[in-house]
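Just so you know, the protein sequences line up as chains P, A and V, in that order. Under the working numbering, the letters of the first sequence match residues 1 to 205, in that order. Under the working numbering, the letters of the second sequence match residues 206 to 410, in that order. Under the working numbering, the letters of the third sequence match residues 411 to 615, in that order.
I should point out that these hints are in silico values taken from the structure, not numbers from a laboratory. Just so you know, even glycine gets a beta-carbon here, dropped at the ideal spot from N, CA and C. Mixed in with the good hints, there may be bad ones.
Calculated cross-link-like contacts (lysine-lysine; reagent style DSBU-like; alpha-carbon spacing at most 30 Å) [stated by the list, open to error]:
hint: 1; chain 1: A; residue 1: 265; chain 2: P; residue 2: 60
hint: 2; chain 1: V; residue 1: 470; chain 2: A; residue 2: 265
hint: 3; chain 1: V; residue 1: 470; chain 2: P; residue 2: 60
Partial list, computed: chain P residues near chain V (C-beta under 7 Å) [said to hold, decoys possible]:
hint: 4; residue: 49
hint: 5; residue: 52
hint: 6; residue: 114
hint: 7; residue: 116
hint: 8; residue: 117
hint: 9; residue: 140
hint: 10; residue: 144
hint: 11; residue: 150
hint: 12; residue: 195
hint: 13; residue: 196
hint: 14; residue: 197
hint: 15; residue: 198
hint: 16; residue: 199
hint: 17; residue: 200
hint: 18; residue: 202
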Amino acid sequence: MLLLTFYLIAITAEAMTAALAAGRRDMDWVGVCVIACITALGGGSVRDVLLGHYPLTWVKHPEYLWMTAGAAIFTALTARMMRHLHKLFLALDALGLVTFTVIGCQIAIEMELPVTIILLSGMITGCAGGVLRDILCNDIPLLFRKEMYASVSMVTGGLYMLAIHFELNELASMLVPMGVGLLFRFLALRFNWQMPQFVYRDDWK
Amino acid sequence: MLLLTFYLIAITAEAMTAALAAGRRDMDWVGVCVIACITALGGGSVRDVLLGHYPLTWVKHPEYLWMTAGAAIFTALTARMMRHLHKLFLALDALGLVTFTVIGCQIAIEMELPVTIILLSGMITGCAGGVLRDILCNDIPLLFRKEMYASVSMVTGGLYMLAIHFELNELASMLVPMGVGLLFRFLALRFNWQMPQFVYRDDWK
Amino acid sequence: MLLLTFYLIAITAEAMTAALAAGRRDMDWVGVCVIACITALGGGSVRDVLLGHYPLTWVKHPEYLWMTAGAAIFTALTARMMRHLHKLFLALDALGLVTFTVIGCQIAIEMELPVTIILLSGMITGCAGGVLRDILCNDIPLLFRKEMYASVSMVTGGLYMLAIHFELNELASMLVPMGVGLLFRFLALRFNWQMPQFVYRDDWK
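With the hints as constraints, model all of the structure from the sequences given.
Below, the structure is given as structure tokens:
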């Protein structure tokens with residue numbers, strides 16, 4: 001129940017930030033809606049297609065598509081106000097990341113997949129939507145260049161699996177990893193933590 | 206039968222316009238064939254993968270691959286002539302859009318999916334091939350920026366579902382929505398109709 | 411057995427060259443690992459998703475993910491040395507191409523798919539990883555512009571199917587096509603063979 005609430009908040013928030021990204025590229029309203037749906041629901045879709053987990057979430061719950069498209073149009077209409085909500089968006093975006101991660105882990109656990117794949121399923125659910133958004137906006141995915149996004153997802157997923165392994169009660173096993181993940185994300189944003197870059201130049205080709 | 210004829214004309218036309226797009230990017234002949242196949246058959250493939258509808262069309266009918274690749278090479282060989290056929294291509298491209306849309310809706314109806322997904326299945330079948338083409342050519346997909354493409358597909362699919370709902374005879378329930386969709390597309394091209402753009406600038410990051 | 415050895419060498423080599431490509435784009439370590447895994451294992455994944463062949467290789471063998479990520483990090487750590495191994499990488503990359511191709515053909519043969527799809531399955535397995543790498547690095551895929559990659563894959567796959575058809579013994583039917591493919595690739599590199607380009611300009615739009 002609580003996770004579903006978080007999930008709905010998360011896809012709405014992802015849709016809104018995606019709409020702003022689309023606006024920075026001067027897309028039209030169709031593009032805004034498509035980018036919003038793909039960013040919000042794309043991570044779960046990539047996971048489900050790779051794991052062969054059918055039907056996809058939005059096929060079973062088409063109302064999520066209307067919700068994300070609606071949130072995107074609302075954002076486009078009120079963009080002037082949105083300008084002042086940068087910090088709120090960052091917070092909701094972080095909530096989305098840890099929520100998606102836990103949901104992704106849960107699905108892989110239900111499918112009785114190996115530990116590596118559970119962790120990866122969480123990371124794909126959390127991060128792939130943003131990667132798709134960046135590809136469609138013709139950017140090098142931000143994930144690969146700047147953010148601690150993937151690391152936050154990995155830590156959240158790892159703690160969640162530990163919690164499941166040690167049989168914490170259901171609520172705690174979700175909320176503790178999500179809380180730690182959120183804290184990690186906020187610290188990373190506050191102190192501008194980054195993964196080390198790998199810079200390489202050669203004369204080949 | 207009629208729909209199959211339209212479908213074959215449509216994938217050939219899509220392959221030919223895709224080949225011209227590849228030529229604008231100086232691709233080699235392999236690239237031309239690959240781009241042509243992905244543009245012509247990619248929309249249906251994305252739909253089938255997302256809906257879990259196996260086997261894919263071209264796995265069941267490999268001859269479609271040869272047809273599209275053949276059309277692409279023919280286009281490359283006769284490109285000088287193609288230059289004068291711009292309007293014909295636009296017409297065939299519009300025919301492809303409405304044909305793909307109806308086929309996509311039909312498949313989702315056969316799978317007994319909800320109304321939203323039927324509409325979306327039509328739109329994905331109609332539009333995703335062009336989006337893949339633009340990603341592979343390293344462009345921001347045109348769909349998101351300029352064309353009324355998605356709207357035409359949505360209108361066609363919506364009318365088709367209405368026609369099915371009111372139990373029109375099979376031929377009319379296909380041809381009327383396709384005709385209206387074509388008309389819409391031609392008017393949009395003629396009068397340069399566009400969806401409103403969402404232009405957004407901020408100082409974040 | 412031999413094919414498995416080649417496969418492991420191949421995914422390691424692909425991961426290493428992908429890591430260097432990521433380094434040229436200043437990606438961080440997460441990006442390096444993700445690009446490496448997608449390049450090494452993405453071709454097989456695209457094939458499996460398109461053919462509906464579940465579970466995917468890396469879901470069944472998560473150790474491959476660790477291997478490729480490990481190879482990528484090792485490459486980033488020793489990049490200065492890697493600079494001198496250009497020719498070794500080209501050789502291993504060519505080995506990967508022909509190995510992936512044969513594996514892709516085998517899987518389609520096991521699934522009893524038509525001849526065209528067998529050939530295509532080999533080509534997708536051999537080439538799609540590199541295409542995904544180029545899309546994620548925001549390049550026009552090299553496959554479509556310069557290399558004889560797809561042609562090498564097609565020749566290897568075609569010979570492999572001939573060998574199967576004429577019931578050569580198992581080892582020969584793998585090694586002969588792979589050898590010819592390697593030779594073709596090396597000659598193409600040595601003499602700078604290229605497919606003819608299709609260059610097209612018009613005034614449309």
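Hint check results:
no. : hint              : in the structure
1   : 265(A) <-> 60(P)  : holds, 27 Å
2   : 470(V) <-> 265(A) : holds, 27 Å
3   : 470(V) <-> 60(P)  : holds, 27 Å
4   : 49                : holds, 6 Å
5   : 52                : holds, 4 Å
6   : 114               : holds, 5 Å
7   : 116               : holds, 4 Å
8   : 117               : holds, 6 Å
9   : 140               : holds, 5 Å
10  : 144               : holds, 3 Å
11  : 150               : holds, 4 Å
12  : 195               : holds, 4 Å
13  : 196               : holds, 6 Å
14  : 197               : holds, 5 Å
15  : 198               : holds, 4 Å
16  : 199               : holds, 5 Å
17  : 200               : holds, 3 Å
18  : 202               : holds, 5 Å
The earlier numbered hints are all upheld by this structure, with none contradicted.
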